[in-house]
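If you're matching them up, the sequences are chains A and B in order. Numbering-wise (the working numbering), the first sequence opens with residue 1 and increments by one. Numbering-wise (the working numbering), the second sequence opens with residue 1 and increments by one.
There could be a bad hint or two in this list.
[Unchecked claim] Computed footprint of chain B on chain A, listed as stretches where at least three residues anywhere in the stretch have a Cβ under 8 Å from a Cβ of chain B:
| no. | segment |
| --- | --- |
| 1 | 103–110 |
| 2 | 122–129 |
| 3 | 194–204 |
| 4 | 360–374 |
To be clear, the hints were calculated from the coordinates, so they are not data collected in a lab. Every value quoted in this text rests on a predicted model; they were computed, and no experiment measured them. Every residue, glycine too, gets a C-beta built ideally from N, C-alpha and C.
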Amino acid sequence: MTDVTGTNGELVTADGRPLRASLARALRRQKLQALLLVAPLFLFILVSFVLPIADMLFRSVENSIVAKVLPETTTALRSWDPQGDALPGEEVYAALYRDMLIAAKNRTATRVGQRLNYESSGFSSLFRSSARKVKRIKAGPYKPAMIKAHKKWGKLETWQVIANYNARYTPGYFYAAVDARIDTDGGVTMQDEDKRIYVNLFLRTLGLSLTITLATLVLGFPAAYLLALLPTAKSNLLLILVLLPFWTSLLVRTTAWIALLQQQGVINEFLVFLSIVGTDDRPRLIHNQVGTVIAMTHILLPFMVLPLYSVMKTIPKSYVRAAISLGAHPWRAFWAVYFPSTVPGIGAGAILVFILAIGYYITPDLVGGTSGTFISNRIALHISSSLNWGLAAALGVILLGIVLALYLLYDKIVGIDNMKLG
Amino acid sequence: MRLAAKTLLALTTAGALAALATAAPAQELVVVSWGGAYSKSQQNAYHDPYMQANPGVKIVNDDSAPEAVSKLRAMNEVKNVTWDLVDAVASDAIRLCDEGLAEPINHDEVLAPAPDGSPASKDFGAFIVSECFIPQIVYSTTFGYRKDKLATAPTSVCDVFDLKKFPGKRSLEKKPINNFEWALLCDGVAPDKIYDVMGADGGVDRALKKLDTIKDQVIWWTKGAQTPQLLADGEVVIGSTYNGRLFSVIEEEKQPIGMLWDWQVFDIDGWIIPAGTKNLEAVKKYLRYATDTQRLADQAKYISYGPTRASSAPLVGKHATLGIDMKAHMPTDPKNAKTTLLYNYEFWADNQDDFTERFEAWLAK
Chain A
1 MTDVTGTNGE LVTADGRPLR ASLARALRRQ KLQALLLVAP LFLFILVSFV
51 LPIADMLFRS VENSIVAKVL PETTTALRSW DPQGDALPGE EVYAALYRDM
101 LIAAKNRTAT RVGQRLNYES SGFSSLFRSS ARKVKRIKAG PYKPAMIKAH
151 KKWGKLETWQ VIANYNARYT PGYFYAAVDA RIDTDGGVTM QDEDKRIYVN
201 LFLRTLGLSL TITLATLVLG FPAAYLLALL PTAKSNLLLI LVLLPFWTSL
251 LVRTTAWIAL LQQQGVINEF LVFLSIVGTD DRPRLIHNQV GTVIAMTHIL
301 LPFMVLPLYS VMKTIPKSYV RAAISLGAHP WRAFWAVYFP STVPGIGAGA
351 ILVFILAIGY YITPDLVGGT SGTFISNRIA LHISSSLNWG LAAALGVILL
401 GIVLALYLLY DKIVGIDNMK LG
Chain B
1 MRLAAKTLLA LTTAGALAAL ATAAPAQELV VVSWGGAYSK SQQNAYHDPY
51 MQANPGVKIV NDDSAPEAVS KLRAMNEVKN VTWDLVDAVA SDAIRLCDEG
101 LAEPINHDEV LAPAPDGSPA SKDFGAFIVS ECFIPQIVYS TTFGYRKDKL
151 ATAPTSVCDV FDLKKFPGKR SLEKKPINNF EWALLCDGVA PDKIYDVMGA
201 DGGVDRALKK LDTIKDQVIW WTKGAQTPQL LADGEVVIGS TYNGRLFSVI
251 EEEKQPIGML WDWQVFDIDG WIIPAGTKNL EAVKKYLRYA TDTQRLADQA
301 KYISYGPTRA SSAPLVGKHA TLGIDMKAHM PTDPKNAKTT LLYNYEFWAD
351 NQDDFTERFE AWLAK
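Only chain A is shown next, with the shape it has when bound in the complex (with noise of 0.2 Å):
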């Protein structure tokens, strides 16, 4: 009781220091152990999530292959006008000479030739078949040279994509997810009228995921609701029903909608056979949008069901019953005492489907056909047959960029810590 206080007035513990950094150290040293027990999970979520996604996202807009390759090539091109129209001049081709002679050993020339043939087509070949003759010039002067062992090389519009593309870091591939690109003169247009396919299906897979998340909720909400209405015991065993799919391979299940849905499938055939519809005008229920909507809708329901549940469990029996109790109709009962309450669900479940269905490629693939295909659809087959991994990069932030801004927004309006996963 004698030296609670210091010299100065400060609080001081039994040791004589300065209570404020006592309780500031043992504050820290909780601070640490708490760090050090989250350390293995946060290094690897670092080594496993974070840093392949932002080495990816990097390749959105990296492009130093063309001038790694070829490094003299693009140094003389400084000094030439793109805008202009005469030719680069002999001291370009010579550095283009000795770039492709080491290129041609190195086997990396058709590596530029495929990255620019991207933006241009003709490229692969063009790098292709003079990284196998550029070993047979022996002398200058380079510039007949070359343009003889391929007559592109002779072309203002070939110099042109090498000047746009050149730079350590582009925003090209940005332009190409978005149906624009670097015109010939350096300056920024759209893409021709037969060739614009991104924009429409961003447009696409966000409308199609809004649909899908609007009917997953509409199915999703009295089957929850009668799941927290019902005694546990039969409660439990109805969601088993809704977890059963759940554990079916997504393969399967999608395959099961295509025998169901296609035109000689289960769904048609009863119609046909209660004469709803006539043999020769049966309803095209899949490869279209609708065969995605249902499908998908079908996939995603436990997700909206088991958060919407969790929720509506918590929310006792007796407010509505007092709701009811002191004069209001059942309707309004439900919606002014027991839907509110629910919201917190209904976010939690609405992001869940939303954003799983923002990234679906396999089963709109398979039931899509040409109307009902995603945007990822379009990254998988960048990553994985097209290999331009730069344009897959691009859109994948893009996506990410939506999903995030949307994500802002639903904090916005909804509030972020409203939402309640279970």
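Following the hints, position chain B against chain A.
Leaving out everything else, chain B in the frame of chain A:
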């Protein structure tokens, strides 16, 4: 307590010794292929007999061929190539070779000569489309049709575009490749001018205009198994797919489906050795065996794809379980190969990205 410790010690020692004894001679080769019936045919024709003859080698199958190009690229970026041999279609092999991801080989040195002594490069002939590519089989993309749902059997690939005579849905691959070739051919372009016309101004528009005539009757497929299923379900009356898939739905599953070989498009499938493999010599030894004349002929016993060696063709025999003569089911059989196209690999390497965009935009219209 001590007894338990002793027993444990004895057990672990015995276990370690046993592991040493069995693990010592095995050299593992990781072979990447397409899985399913195709991998099985390779297992039966190449892997099993080779492992029997070389007990020190263990061949491990990996079914990653559909993603092989992107995975090899990724492996190469982190400099850890865990594959020893990869099955790839010719266009991918050319690309892998271009990118330096596949090992170039001297075909005459690595591969066995034909039984008559002619060198491998001559025996494989034009099928060696790249210095990294070791051809294996020829397959084709062609059409199957429902015999019971069409009044007359189609005889020409242009019947696919004839909705009056052959009404009903069709299935085509969701890619410009093949469809553009067939569309131009049926629009009256001479077979040897197809790629000239396609590459010229307005060529793509012409192909798309022809496809427009059947667009609303087409179901587009992305996986090889889809057309056989669509045909079997009666969803389409005619559809394109790989000839091996049609063989199995016709001969093994006995569906009422007929083959239309007219203007089948040939493609080649074969091996590449990934650059940076740790077992280069062992792989070369295996390759010499697995691509010799008899082995390539043997594979046709299990799957209806044609051997790429000229010297293998006469050795093709009967199917291993069905007992039918496989010669008549080879895409390369003279009766089936009256009219054929071979991919122009260089043309598609240049134009695939551009044309795919045009094609996708057209599909979305």
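To see whether the hints hold, each was checked on the structure:
Counting residues of the segment 103–110 of chain A whose C-beta sits closer than 8 Å to any C-beta of chain B gives 4, which meets the bar of three, so the coverage hint holds. Residues of the segment 122–129 of chain A with a Cβ under 8 Å from some Cβ of chain B number 5, which satisfies the need for three, so the listed coverage holds. Chain B is given as covering the segment 194–204 of chain A, and this holds because 6 residues of the stretch bring a CB closer than 8 Å to a CB of that chain, at least three being needed. Coverage of the segment 360–374 of chain A by chain B holds. Counting CB-CB distances below 8 Å, 5 residues qualify, and the rule asks for three or more.
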